[in-house]
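Enquirer: One-letter residues, chain by chain:
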Amino acid sequence: MGRHLHGRGALFDADPAGLAPRLVGLRPHHHRGHPVEHPQELPFVVLTGARGLGKSAVLGELLDAYRGHTPVALIDCAEPQFAGPPAERPAESWSPVAQGLLVIAEQLAAPVTGAGRITFPRLMSGLVAVAAGGWGDADSERIRREVERILLLNESGSWVSGLAGRWAGKVAAKVVAAATGTGPLLSGAIEATLESVAEGFTSRRHQKASVWYRTYPNAGGHAQRGLMLLSGHFRAGGTSREHAERYLVRALLADLTEAYAGVLPRMQRLGRPLVLIDNAQTAPGPGLVEAVLRDRAEGVTDQVAFVAARRGEGRESLRSAVRRELAEVARRSGWAPEAAPSSRALLVALAPLTPDDTLHLIGAVCGDTPVPPQLPHATHRLTGGNPLGIVLLAESAAQNLPGASSLGELLTAGVRPAEDRPAVPTYQALLDRLVPAEHLEELTVLAAAHDHDSACALAAALLPDTFGPADVRALQTRLAEEGLPTVPGRFVGDPFVRTLLLLRLHLRDPDHASWRTAHETLSAHYPDPEHAPYRLHHELALGRTESAVAHLRDGFLSLDTRAWLRTLRFVASAPYFHAHDAEGRDSTGPGDRRAAVALGRTDAGQEPPEGVDAVLHLRIRRLLHAVWLLADPLVLPDAKVCDRLRFELEQLSNLRPAGNALLWRASRDWPAAALAGRPMDGPDDGQGAGGADDRSGEA
Amino acid sequence: MARRGVGTWVRESVWEIPLRRYLALLVAAALVAGLVFAVRPLLRDDRSCAPGVSRPEGSDECVGVATGSYDFGQTRLRDVVRAIRRENDRLKPGGYVTVALLLPYTSTSATSLNDILHQLQGAYLAQYRANHDSNGEAPAIRLVLANPGATGGHWRQTVDQLTRMTTSADRLRAVAGVGQSTDNAKKAVRELTRRHVPVVGSSITADDLANGQHGQDPYPGLARVSPTNTDEARALASFARVSAGKALLVYDKPGDPYTRTLQRSFAALIKGSPYEPQPFTPPADRSQEGTTANTFRQITHLVCDTSRETDTILFAGRHTQLRQFINALGGRGCQDRRFTVLTGDEASYLTHESELDRTALRHRLAVRYTSLAHPDAWARDTARTGGSAADFGALNELLAGARRAPVGPIGSAALDDGQLITGYDTLQLAVHGIREAVPDGRKIPGLADVGLQWPQVKGSLRVDGASGWICLDVHGNPYDKAVPIVELTPEGGARFVRIAWPEGKPPAKDCLPPSP
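First to last, the protein sequences are chains F and X.
Going letter by letter, the first sequence gives residues 0 to 698 in numbering that gives the first Met the number 0.
Going letter by letter, the second sequence gives residues 0 to 515 in numbering that gives the first Met the number 0.
It is worth saying that the hints were derived from the structure and are not from the lab.
C-beta atoms are modelled at their ideal positions from N, C-alpha and C, and glycine is treated no differently.
Only some residues are given here: those of chain X computed to face chain F with a beta carbon under 7 Å:
(1) 11
(2) 12
(3) 15
(4) 16
(5) 17
(6) 18
(7) 19
Some residues of chain F that are not near chain X, with every Cβ distance over 10 Å (derived):
(8) 34
(9) 93
(10) 140
(11) 213
(12) 216
(13) 217
(14) 299
(15) 315
(16) 333
(17) 413
(18) 428
(19) 479
(20) 512
(21) 612
Computed far set for chain F versus chain X, every beta-carbon distance over 10 Å:
(22) 256
(23) 278
(24) 363
(25) 420
(26) 475
(27) 524
(28) 616
If we strip away everything but chain F, and leave its shape as in the complex, we get (with noise of 0.2 Å):
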């Protein structure tokens, strides 16, 4: 049995059952029926989410648990074989979808517990069809090495066939004979394909499935004419091509549909056979999942359980299907289908991950290695429940400590993905599959800001002129579509992904030049008044704490409670990569000094500025750095941190007796809420008060 997902009961649960019982019909990691929950029409299952939430650790579970035990098919539409044709194949005679299939009817032949190989002759012909139109000027090896692979489909891998010979290879020189001989090429190697599946074996099953064409639109009646219908259509490109492959996607679905039917094969086979589809947001998942919709739609059913996997919420592509989160199908999906092709699908949510999760999760991988007692909840207010985040900060977890002391060290550290690679530093490993490759560079500049046009600042400041407003544009409907949310005042939504970039953009040159330029021009970028709080906030990140404690002082006698608070946590969320001079060396060295002055141990060397409440200013500049330390997602939170905030909190709601309640409620909810691994959020939060830009009180 393979490693244990956490999280995902709600689909591999077996006792009550979750989704993948009931869609597939059998226990998984068991040879055991289950009664499906749809047993004669099934959705379309796509999960959906965002990078590193656990879509292709899913999918790989699935087929770890179901492999062997009813046919199932992994493809990863990404991978490079999908991409375009190989050598020496021509354009016309090659689709995604097309490998697609090919791929899919190899891995759901293979035998399992009780029930022999899966035959696919209808699937077969129509590839052998489609290949064939490639043939024009091809040399004899090459249509044998492509006929060969597609041939293989028909292999029942008895002791029968085995008596009679391979017969792939007998009826590839056929074909080869027939595509390379005087007569009319496309014709000749259909005809003598047919032929061989209608006389290799005498079986009534394949008598069926060599007319099976007939019944192509304009066939006629004959089997041979419709596969030549279907190779003109499929060569001709655009829709004709998507008619063809919705064909051939209907061939495998009746090559499975005549696996299954019968006495006998009712008899040997369990459940449903399983096709799963990852990253089906690139081709050939869209053609595959629009022709299996399509026609389920127009009612040619079949009875195999799709599960895909997309980045994004396919707003678009999908736009009628049924919308679960991932927690609403534990029990039952309530899908039913409607008019609209989309409507067979059932898009289903992949959550992030609770705090239990991480804790068990980061326990799996850790071992036998002690962890701190908070790391598990810092990991997963870092992360904001990211599996593959919790999974890498554990894995470098396993690896580095106890030398390293913070998450931020964790992250910086080396990780090795296997014992034979070279480590490479936990927040590339992670970035590198977190962030669409190809705008790694522009997002790690971008990061640091908060909206369009302090993006589109950074990128004068950072980017070459060619990143003008509307690549910036561009690149925030992608993270949209990437499946990473909107949020308002982040140019980066997703925090966990917005503090790797800013890591990366502060580690990005040896003297941090990037970082200090992204911070000083969007310091430089709010220069009035009314947007003090982004200023002081870039100017924390840079290291420069007096303008900040200057204005939170000030403005503690004047400001509104609220605002006040919102204020400091704003600033305080400020990134912190310790303190460098102006030449952007290590001042005091690698290390946090923020703990020393939230808990005054510099207070003696601090001289107030003339005519400040020295007391108050050293108290909000204490108050600064603790919040400042606590809200930092990549520390652990520090209790002793934690009791000066309450302590801070506390002398400060003296003072104001107007705001006394609400510093009051800070003073207990904070500390609190920053040991338990939660963000600090305000008691006004929720209130919808307050102005957007600044709600947000963490990184």
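Using the hints provided, position chain X relative to the given structure of chain F.
Expert: Showing chain X alone in chain F's frame:
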């Protein structure tokens, strides 16, 4: 998967897949059935000995009707059994009827076995003659061996089997033999005749194993070759002229049908004797030694104590006890006195008895008895009716031919104990009855019809037996059958003395029993 338990494997790789489930159920059912078939014979040990022969519960004896060539473990029977098998196998299916020779083949007594062997040889010779030397008369005769056990204790099983054979392809039409007149033999004959199976008694002589006693026929369909004890005693009396004052009676108490009728007949002869009859009590199986030897030693004292006119001892007992008594008399005190022991045909068993102290016979002791038959009877006696040397000569001829193939070999044959002659005559009578009962135009007689023939065996329809004429009265008993009186010789054998007749004289030429 490999780590999973067998239970999971059975559940998931067999049970969950309907085809495999049904196949597995089929295989399991077949296995269980096979196991049952394999284990059942082991649990219930094989009690069969040969076709038709098996060991009953609680016994090691092979009893039943041997339809093949089974010799009941007796090597001396082997040759004749094989000869019978050869003759049986020669017969065409549908053209024969079966006659069973009911004798205690598993007897452990060498004497009894000798008699059995001789009767079987005689029966076989009669079968051979019936099938070969009778102008193709139908039906042919198949001979089988029926064993009720050494003491006849398993007679019921054997009788049941015989009864079944009357309706099967065996077409059993008569049971011959029966052997000694024991209680079990009586029960067997009663049951057989109750089921309308004709029975031809060979050496049964007991009065109560016969019809016509006190005017009743308790065994309808029973015919006998040997005279009743009463007739023997009458013949013996007519020969010895014993009187009350000269004879002492020694008898078996409680006795069996044979000894009781003999005792009654003797007692009637010496009515008013001054000596009280002396009883002895042998074991239930009278072929066993028991403790009677002591009793006989005491009785010999009494014998010597009698008055000197007493010179005859009438012995009503079985042969084992007779042998013990003779041995005891051999050591008697009054060696100077001459005694003659008179007894029934049981004494013929002693002619080849090795444990008999033959020197006793040299000490003024003569043992004379009524033999059922004797080879010298017709050579020495010149009676003109009641039997003939020619009839006996036919048997002699057969016997001579049986020393080698194709008739023989039939093992060592001896005529002097009369058993071979008796067995021969018994089967001859059975064959006579069977063939007389065949309806016109048919080949096979009805079962009960055979028994109805017995009263007609008289006059010209009599059977000219090797032991003498067999003329049956209406009760199936022989009328005025020749009774050879023989005497045991010290050399081991029997010396023919003369023929005695129950009626005091040979029957008339027509051989018709007078009205009672």
